[in-house]
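Undergrad: The listed protein sequences correspond, in order, to chains E and L. Mind the numbering: the first sequence is residues 4 to 116 in the numbering used here, read in order. Mind the numbering: the second sequence is residues 4 to 116 in the numbering used here, read in order.
Hint data in this document are derived by calculation from the structure and do not stem from the laboratory. Everything numeric in this text was worked out from a predicted model, so none of it was measured. Yeah, the Cβ is synthetic: ideal placement off N, Cα and C, and Gly gets one too. The reader is advised that the hints may include incorrect statements.
[As the list claims (entries may be wrong)] Facing chain E, a subset of chain L residues (Cβ under 7 Å, in silico):
(1) Arg-8
(2) Val-17
(3) Thr-18
(4) Glu-63
(5) Val-88
[Stated by the list, open to error] Listed below are the simulated DSSO-like cross-link pairs for lysine-lysine, each with C-alpha atoms no more than 27 Å apart in a straight line:
(6) L:Lys-24 / E:Lys-38
(7) L:Lys-99 / E:Lys-107
(8) L:Lys-107 / E:Lys-38
(9) L:Lys-7 / E:Lys-24
(10) E:Lys-107 / L:Lys-107
(11) L:Lys-38 / E:Lys-38
(12) L:Lys-38 / L:Lys-99
(13) L:Lys-116 / E:Lys-38
2 protein chains.
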Amino acid sequence: MVIKRYGEVEALPVTDAGALKTIVRWVIAEEDGAKNFYMRIFEIEPEGCTPLHHHAWEHEIFVFQGKGTLIQQGREVPVCSGNVVFIPPHEEHQFKNSSTETLKFVCLVPSQK
Amino acid sequence: MVIKRYGEVEALPVTDAGALKTIVRWVIAEEDGAKNFYMRIFEIEPEGCTPLHHHAWEHEIFVFQGKGTLIQQGREVPVCSGNVVFIPPHEEHQFKNSSTETLKFVCLVPSQK
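The shape of chain E in the complex, shown without the other chains (with noise of 0.2 Å):
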């Protein structure tokens, strides 16, 4: 068993085009024994973002702290704290902040991407 607090974990900036004031842990990965999937924790500073952007692979997304947009089919949806958010394979997606506060959530993703 791995127990931790998600602060102690390397805080990554994130650096894909577009992405903005954002940062990333991979708070569950493989050097943790993790063989399915993986549990990264996203914070957004105000006026940041993630990158637009789809893939092969899903997102299960869990919101815990904040307010924010979700891109979702060009449409700007309100998600905050207590939002859960499945996105499937190859779906657009954006995460910006719109608030005043650090937007965080939960993104787990499957270990074969």
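Use these hints to put chain L onto chain E, whose structure you have.
TA: What follows is chain L alone, placed relative to chain E:
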């Protein structure tokens, strides 16, 4: 894309032997389009607990509210909001709420269990 509030999803009582005052919501499941892993949210009332058990699949957990203890190899380890836990297959585990506030965590399982 599926966006929901976790509180909208049906709360099912956890009825396994040894479970007490605990509900689970399957917030991302097969009917949402998930193929590789599923997201559940557990809520344990004060004095409640999940069953002490083990099984052939792993858990990936993020605690987002409250305080409790986690049984790890017979010892009680404190956990609280902000803890991440990886429980490998076949390892015994149990969550107990040791506070006066509801303990809440996200817990993911592989679809092939």
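Undergrad: Does Arg-8 of chain L hold up as a contact with chain E if the rule is Cβ-Cβ below 7 Å?
TA: holds, 6 Å
Undergrad: Does Lys-116 of chain L pair with Lys-38 of chain E here, judged by a C-alpha cut-off of 27 Å?
TA: holds, 13 Å
Undergrad: Do the alpha carbons of Lys-38 of chain L and Lys-99 of chain L lie within 27 Å of each other, as the hint requires?
TA: Violated, at about 30 Å.
Undergrad: Verify the proposed pairing of Lys-38 of chain L with Lys-38 of chain E, using a straight-line Cα cut of 27 Å.
TA: Holds, at roughly 15 Å.
Undergrad: Using Cβ atoms only, decide whether Glu-63 of chain L comes closer than 7 Å to chain E, and label the hint accordingly.
TA: holds, 5 Å
Undergrad: Can the hint on Val-17 of chain L be confirmed by a CB-to-CB distance to chain E that is less than 7 Å?
TA: violated, 19 Å
Undergrad: Can the restraint linking Lys-99 of chain L and Lys-107 of chain E be considered satisfied, given a maximum Cα separation of 27 Å?
TA: Distance of about 26 Å is within 27 Å: holds.
Undergrad: Checking one constraint from the list: CA of Lys-107 of chain E to CA of Lys-107 of chain L, max 27 Å. Satisfied?
TA: holds, 17 Å
Undergrad: Would the hint on Val-88 of chain L stand, with a C-beta cut-off of 7 Å toward chain E?
TA: holds, 5 Å
Undergrad: Quick one, are Lys-107 of chain L and Lys-38 of chain E close enough, alpha carbons at most 27 Å?
TA: Holds, at about 25 Å.
Undergrad: Mind checking the alpha carbons of Lys-7 of chain L and Lys-24 of chain E for me, to see if they're no more than 27 Å apart?
TA: Roughly 26 Å separates the two Cα atoms, so the pair holds.
Undergrad: Does the nearest C-beta of chain E fall within a distance shorter than 7 Å of the C-beta of Thr-18 of chain L?
TA: Nearest chain E Cβ about 23 Å off; hint violated.
The earlier numbered hints that this structure contradicts are 2, 3, 6 and 12.
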